[in-house]
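First to last, the protein sequences are chains A and B.
If you count the first sequence from 1, you need to add 60 to reach the working numbering.
Quick note on numbering: the working numbering labels position 248 of the second sequence as 241, and the sequence is numbered without any gaps.
If you're looking for bench data, these hints aren't it; they were derived computationally from the structure.
Treat each hint with caution, since some may be false.
[To be verified] Covered by chain B, according to a simulated footprint, are these stretches of chain A (three or more residues, beta-carbon under 8 Å):
id	stretch
1	214 to 222
2	245 to 257
[As the list claims (entries may be wrong)] Cβ-to-Cβ under 10 Å is the rule here; a few derived chain A residues that face chain B:
id	residue
3	262
4	263
5	265
Since the structure is predicted, the reported quantities are computational estimates derived from the model, not experimental observations.
Yeah, the Cβ is synthetic: ideal placement off N, Cα and C, and Gly gets one too.
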Amino acid sequence: MARESASVALNERLSPYQKLYLLLIAGFILGPFIPLIIQSFAFKWAWPDLLPGTWWLEQREKSVLPLAWDYVISPYSQVWEATLNTVFIGCVVTLIALVICLPAARVLARENFRGKPAFEFFLSMPLIVPEAAIGIALLMIFINIGLAGTYIGIIIVHLIPTIPYMIRMLTAVYQGLGRDFEEQAMILGASRWQILRMVTLPMLLPGVVAGALFTFLVSTNIFLLTFFMGQGKIVTLPTLLFSKISGGTLDASAAGITLVVTMPGIILLLITERFIKEEAFGKGFGN
Amino acid sequence: MTAVQLKGVRKSFGTFTAISKIDLDIKSGELVALLGPSGCGKTTTLRMIAGLEIPTDGQILFDKKDVSETAVQKRNVGMVFQRYALFPHMTVEKNVLFGLKVRGTDKAEMAQRLEDILEVVQLQQFRHRFPAQLSGGQMQRVAIARTLITNPSVLMMDEPLANLDTKLRGEMRRFIRDLQQRLGITTIFVTHDQIEAMELADRVAVIFDGNLAQYAAPDALYQQPNSIEIADFMGATNVFEAAITGKSATTAFGALSFATKAADGPAHVMLRGEAIDLHLTEPSGVQNQMQGQVTAREFFGANITYSVDCKGVRIQVTEQSRRMVDVGQDVWLTIPPDRIWIIQK
Chain A
61 MARESASVAL NERLSPYQKL YLLLIAGFIL GPFIPLIIQS FAFKWAWPDL
111 LPGTWWLEQR EKSVLPLAWD YVISPYSQVW EATLNTVFIG CVVTLIALVI
161 CLPAARVLAR ENFRGKPAFE FFLSMPLIVP EAAIGIALLM IFINIGLAGT
211 YIGIIIVHLI PTIPYMIRML TAVYQGLGRD FEEQAMILGA SRWQILRMVT
261 LPMLLPGVVA GALFTFLVST NIFLLTFFMG QGKIVTLPTL LFSKISGGTL
311 DASAAGITLV VTMPGIILLL ITERFIKEEA FGKGFGN
Chain B
-6 MTAVQLKGVR KSFGTFTAIS KIDLDIKSGE LVALLGPSGC GKTTTLRMIA
44 GLEIPTDGQI LFDKKDVSET AVQKRNVGMV FQRYALFPHM TVEKNVLFGL
94 KVRGTDKAEM AQRLEDILEV VQLQQFRHRF PAQLSGGQMQ RVAIARTLIT
144 NPSVLMMDEP LANLDTKLRG EMRRFIRDLQ QRLGITTIFV THDQIEAMEL
194 ADRVAVIFDG NLAQYAAPDA LYQQPNSIEI ADFMGATNVF EAAITGKSAT
244 TAFGALSFAT KAADGPAHVM LRGEAIDLHL TEPSGVQNQM QGQVTAREFF
294 GANITYSVDC KGVRIQVTEQ SRRMVDVGQD VWLTIPPDRI WIIQK
């Protein structure tokens, strides 16, 4: 008992160095956002001022909203259209990836077959081959079969880099879920449907949620492939952002778009966090 | 209360034969261990009785009724897996109630049976915990409760004591024995550990390479193994070549007279280390004397094992640690004729 409370106290009390280290890491992650936020509320921010020379608040009579946000919400910016496209494509890609990867992961985790290591290596190829190579090759094919510039084309290319991640994550989850659990349920009298509903799916849920979240985030961040396949007809947040900053200007509206681009991920993370963190799941797979 | 019978059961997976042919009779209410080294087919046998595998040939009978093709769900058996397989997303209560819930038992009856079974396994205060918050012994009791609540006709366990530490082992052993005797439920368990098999079972079925090698009570298996492999597996240390003539066995260290029946010809004699007496002076009027010298001593607390060299043959003698005999001491060994076991070739 005494030893237990001592170890808890040790966990709660961090040394000054450990605190400093944590602060540095937090600064490293959050730091880049600070100039973005400041920029989005600036009216004029010229070199070499450390802070904007003129803030939006001082010039309120000229612009009702901060310049960045005024631009972002205006239809000219296409931000709204790009956000919808990004979220739509992300959701469809995630769903299709799940449907493809769940059965595949089950087999990879539980069965042994000839050439399995080679197959697993093959699965990670899309992560090794440069995106541009896949993109240009596929573009040539897709133009011929009329898939370039369509949602279907973009969704198909998004599946290429996301499936390897999804399969890996789900395989790990399936490995954690030994046959024991399903066999035990069977012996206790459960039908196949009851086993799926009461045992398999709830036990896979944390991994499925993590895999889906990851796939969605990867999909919403893909620029090059979307750019190739969209052919300027379909804008998503990354392509919009790149076209905005490609001229080299880093003004308030670019900062605004950048902040919008980070939104889907953060919102999704907040929603799904409770699934992944549930303590009862974290440990306890029977041992 | 169900008698289980295996009749000429064979099981192969593709070209690999897991079980060549097994005949086994388990009486109603008996506690039987399937013992063997890993990969011998004992787990496959258990899984066939449970219904998780279907035998390639032969029959499995419950109370003389063929259940070989009956689906797992309909077979009404219980199984406690080695790693318990508790559903990690359910509390103790929900885990225990699983079997009743999938059968659509009504709420009042479920509540009543839950109370009864939690009382039996003494887990009332842990009912709202998740498996991750339980110790190994508690998890095993939950697994047993979850199985027993469905009133299975046969209870099966896979290595029931393997995952527990020494102290808990004794506790769980008594718990399983008591429970099994109180409920009178036919119980079959699998183990690779001969001590676990002997301490728990009424009868032990030793399986080697997919064949039933011997099926007997633990003491018979220990004292009277029917082959040299079983003697070896049961931890026999003194097994020697001998030539049998009448009631005498001629060995490298002298002739021994014995009491059991044996045919003339070459055989093995087995002398259990604890059946041998060690004397510091030459005893008189005692049969089966062997003179030798202590060459090594191992101290195990309650017991001591001496290695004694008799005419170039090393014999191990185990006695309670009431005295210490020094290495190098000349000693005389004796063994009563009725404690000598002959393994025929």
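Now for the hints, and whether the structure bears them out:
Beta-carbon proximity to chain B at under 8 Å applies to 0 residues in the stretch 214 to 222 of chain A; the threshold of 3 is not reached and the given coverage is violated. Here the stretch 245 to 257 of chain A counts 8 residues with a CB under 8 Å from a CB of chain B, which clears the bar of 3, and the coverage holds. For residue 262 of chain A, the interface hint holds, since its Cβ comes within 10 Å of a Cβ in chain B; the closest pair sits about 5 Å apart. Against a cut-off of 10 Å between C-beta atoms, the interface hint on residue 263 of chain A holds, since the closest Cβ of chain B lies about 6 Å away.
At a threshold of 10 Å, the smallest CB-CB gap from residue 265 of chain A to chain B is about 8 Å, leaving the interface hint in force.
Comparing the model with each earlier hint shows a violation of hint 1 alone; every other hint is respected.
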